Amino acid sequence: MNSLLAVVYLLVFPGFLFLFVASLFGQYLDRKLYARIQRRVGPPLLQPFADFVKLLAKEDVVPDYADRVMFTAAPIFALTAVFAAFLYLPVVASVGLHSFQGDLIVVLYLLMIPTLAMFLGGWYSGNVFGVRGGMRVASLLFSYEIPFFVALLSPAVLAGSWRLSTIAGYESGHPLAIIVSLLGFVIGIIALQGKLERLPFDIPEAETEIVAGPLVEYSGRRYALFRLARDAELFVGAGLLAVVFLGGPYPILVSQPGVLAWVNGFVMFLLKTFFVIFLLILMKSAVARIRTDQMVSLAYKWLIPLALVQITLAVVLHSLGGLL
Amino acid sequence: MPRVRLPIGPQHPALKEPENFMITLDGEQVVDVDIRIGYTHRGIEKLMESRTYIQNLYLVERICGICSYAHVVNFSQNVEEVLGLTIPPRASYLRTLVLELERLHSHFLWLGVAGHEIGFDTLFMYTWEDREVVQDLLEDISGNRVNYAYNTIGGVRRDLGEEQKKRVLDGMDYLEKRATFYKEVAVNEKTILSRAEGVGILKPEVGKRLAAVGPTIRASGVAVDIRKEDPYASYGDVSFDVITTDSCDVLGRVVVRVLEIFECIKIIRQLMEKLPAGDLVVKAPRKVPEGEAMSHTEAPRGEDFHYLHANGTDKPDRYKVRTPTMANLPAVVEMLKGTFLADVPIIVAAIDPCMGCMDRVLLLKDEEKPGERISWDQLRVYANTWYANRGWLG
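Residue numbers (the numbering used here), protein chains in the order written: chain D, 1 to 324; chain R, 1001 to 1394.
Worth flagging that the hints you see were computed from the coordinates, not collected in a lab. Since this is a predicted model, take the numbers as computed values, not measurements. Virtual Cβ for every residue (Gly too), placed ideally from N, Cα, C. Honestly, I wouldn't trust all of these hints.
Said to hold, decoys possible - Partner residues are not named here, just some residues of chain D that face chain R (Cβ under 8 angstroms, in silico):
| # | residue |
| --- | --- |
| 1 | I37 |
| 2 | Q38 |
| 3 | R39 |
| 4 | R40 |
| 5 | D60 |
| 6 | V61 |
| 7 | L199 |
| 8 | P200 |
| 9 | M283 |
| 10 | S285 |
| 11 | A286 |
| 12 | V287 |
| 13 | A288 |
| 14 | R291 |
| 15 | Q294 |
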């Protein structure tokens, strides 16, 4: 019975099927809100799903110049890593599905894999635009990964734990922690936008410069998987920020553990995650794309120093005996 | 890092029309640019020689989809000059009105395209929505949104009523508000500034040497405007300023165009106020006596030059068009050298290129076997022998 339940957890809820639906809904929200902000109509609710199904049915071409194995492996690795990362987030209850001490580090690590997969996919596609895009992915990696890591570690230092559920629980008990790490939250949002290669940081796939960068040769099933991985990364990344900075499934208002408490936690998590996605969309619609050199200088001149200020603040507060 | 040769075009999302920019890259930096044009050659000049002047009015209009009316005005002015016709003042005012409306919609359109090139799609959607106001006005006045078919030789084809006049003025009020907003955005939004400031430098002396025209050279501080220097239509009757900036970069070109929107609105308001009563058209004969004429207008993109040689029939003997994009392309090569790959689209877009209007000639170039070309007669002989060798010609 328990193993059956574990399979359901893994495959249906809150595992793969749920993440699949949530990612597509995230994409819908992204496109719809972006369109409404631009005074356009935007797609209907099922459009992302229809796109996905249609892409699956399309002809899947591997270019002659491409390395067949790496070209195929890249989207699969990207998707797998994002889905695996999701299992550690405390989605419904105070504890994630496979929660353990140090799962924050694992999630951060897993969320880096899609970026590497993008680089490899572009590099091995044998297309000059793909190679150029892949190189841009790789050269931008450190601009946003370092501030992202440092910013996310600051609430962990405050809570004195590397465990996502503990961090969320700590913030629920000490709402002041959310205020203290507000700077980290802002840095996290900006760095996540870079991680997801969205405006103003969509330098690797800059449509008007290098067509679609690493994805230029992808078509059919492989392209569908890459896109799904990107959508899932948006949802998981936003969820991670919601858990680390906003307290994830807390506050749980129902005192009795049970279905009601689950629903309560789940709704809280969704609200916070979509709030983060909403911020990402707002940012995307108000800016133009910056250049590679401008992004690197933004990261090293502003994001990393500010992230260091944030983590110093957290260390000092923690050593003084924590917050009230 | 090894040098990479990256082709931008003939098919590329940054280019709305096919042209080829072969870019030599050192890392992300542009070392050299090689431009190949001619992909959209349509043979319009040759085609005009086999059509009557009235038919040609509608062919000339199709040289460009954006500044179509500048071409028609040039053509009409050429024919009227050879015929020795003077058009009625009301017709002249109405021509000026449509010319300025065209400049308005072209500048709004360009602002959106420039936004899109640097990834600012929200700006793109906003300006194109506002552009619809101008398009509706043009449809109201002429009956068409793009190729207006408003001109005829000797005048214009439709009158402007009092109701329409009011609608034009209302439209101007709305567009003035929107243009004020875009002016704020263009000079204050940090990401636009970071992409446009100091990018695509064109020094005034270089621009003059390469004969750049329109907003491209005006952004380098050279006050060249055909409307002021050689007033045509009714530009002599209205007061307006020639906008220049001396920043010499893409931001300067944005600012010049945005400020020109205000000048357009100013001109249109004066035209509506002063619009004289009278005839719309003077009768023009079908045949044009032997003679030649040259006309140039300030199209939204810069100086548009037309030349006509008439031979006494009802068809032109020779017609020559030089569009502003052709004049601005040599300057683009200078602007691109030493910049980043990421800046290529916005620099090319900053001259508001219209490749389809520009191509007047097609050069066949076989890089493998230089000089080997086959003439029509040779081809016919080749084809006949090929078939004869197979015994298919009987």
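**Report entry** Evaluation of the interface hint that places D/P200 against chain R, nearest CB under 8 angstroms
**Finding:** Status holds, d = 5 angstroms.
Query - Interface hint for D/A286, Cβ within 8 angstroms of any Cβ on chain R - result: holds, 7 angstroms
Query raised in the report: Going by Cβ atoms only, is D/Q294 closer than 8 angstroms to chain R?
Result: With Cβ-Cβ at 6 angstroms, under 8 angstroms, it holds.
Query raised in the report: Holds or violated: is there a CB of chain R closer than 8 angstroms to the CB of D/R40?
Result: holds, 6 angstroms
Query - Agreement of hint D/R39 with chain R interface, Cβ distance less than 8 angstroms - result: Holds: closest Cβ of chain R sits about 6 angstroms from D/R39, inside 8 angstroms.
Query raised in the report: Measuring from the C-beta of D/A288 to each C-beta in chain R, is the shortest one below 8 angstroms?
Result: Interface hint status for D/A288: holds (4 angstroms vs cutoff 8 angstroms).
**Report entry** Restraint outcome when D/R291 is required to lie within 8 angstroms of chain R by C-beta distance
**Finding:** At about 4 angstroms, which falls below the 8 angstroms cut-off, the nearest Cβ of chain R leaves the hint on D/R291 intact, so it holds.
Report task. Let me know if the C-beta of D/I37 comes in closer than 8 angstroms to any C-beta of chain R, holds or violated. Result -> holds, 7 angstroms
**Report entry** Minimum beta-carbon distance criterion (8 angstroms), D/M283 to chain R
**Finding:** Where the cut-off is 8 angstroms and the nearest Cβ of chain R is about 11 angstroms from D/M283, the hint is violated.
Query raised in the report: Holds or violated: D/V287 as interface residue toward chain R, Cβ cutoff 8 angstroms?
Result: holds, 4 angstroms
Query raised in the report: Does the CB of D/D60 sit less than 8 angstroms away from some CB of chain R?
Result: violated, 22 angstroms
Query raised in the report: Can the hint on D/Q38 be confirmed by a CB-to-CB distance to chain R that is less than 8 angstroms?
Result: Hint on D/Q38: holds, closest Cβ of chain R at ~4 angstroms, below 8 angstroms.
Checked against the numbered hints listed earlier, the structure breaks hints 5, 6, 9; every other hint is satisfied.
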